[in-house]
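Take the sequence shown: its position 54, counted from the start at 1, is 97 in my numbering, and no numbers get skipped.
Hints in this document: simulated from the structure, not taken from any laboratory. Glycine included, every Cβ here is placed at the ideal spot set by N, Cα and C. Please note: incorrect hints may appear among the correct ones.
What the hints assert, rightly or not - Derived DEER-like restraints, expressed as beta-carbon distance ranges:
id, residue 1, residue 2, range
1, W202, A149, 29 to 39 Å
2, P152, R126, 32 to 42 Å
3, G154, A64, 36 to 46 Å
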Amino acid sequence: MAAGLALIGLAAGVHYGLSPAPRLMWNPSASAPVGLWRVHPGAPVSAGDMVLAEAPEAVRWLAAERRYLPANVPLLKRVAAVRGDYVCALDETVYVNGRPVARRRAADPQGRPLPWWRDCRPLRDGEYLLLMDAPDSFDGRYFGPVEAAAIIGRARPLWVR
Numbered sequence: 044m045a046a047g048l049a050l051i052g053l054a055a056g057v058h059y060g061l062s063p064a065p066r067l068m069w070n071p072s073a074s075a076p077v078g079l080w081r082v083h084p085g086a087p088v089s090a091g092d093m094v095l096a097e098a099p100e101a102v103r104w105l106a107a108e109r110r111y112l113p114a115n116v117p118l119l120k121r122v123a124a125v126r127g128d129y130v131c132a133l134d135e136t137v138y139v140n141g142r143p144v145a146r147r148r149a150a151d152p153q154g155r156p157l158p159w160w161r162d163c164r165p166l167r168d169g170e171y172l173l174l175m176d177a178p179d180s181f182d183g184r185y186f187g188p189v190e191a192a193a194i195i196g197r198a199r200p201l202w203v204r
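With the hints as constraints, model all of the structure from the sequences given.
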């Protein structure tokens, strides 16, 4: 466990300017496969890829305040939509190209309201929608698309449970 937390801290500290981009990341979250991931900064990113990314600033602090994730720890998420894909967030459902891809919850397990982005539009160049299959994942279903600058790198599993 201590080694896992150290790797998370390394990944976060590295990303926030303490040294070059992270190359290894331990994911303890159940929303993505738990284990050791290799991060490839600067690698091309496509729909379906797993990426290590910064949460948008507003939700980063909300996640930290609610103890979902420390503010300095990046997210491990799957790219669900890329440039040209039509994304739409209506009520509790998020759609990509007209297909429902995620359901949203109104509140977290402690009953606190979750943020919902509301928009319907094609993604622009350099925008990505990050979603996981886990219904309780704190991801793009709540904070919407992220800019390419938020993507630290493409992630590949080295060892996962």
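Hints violated by the structure (listed by number, smallest first): none
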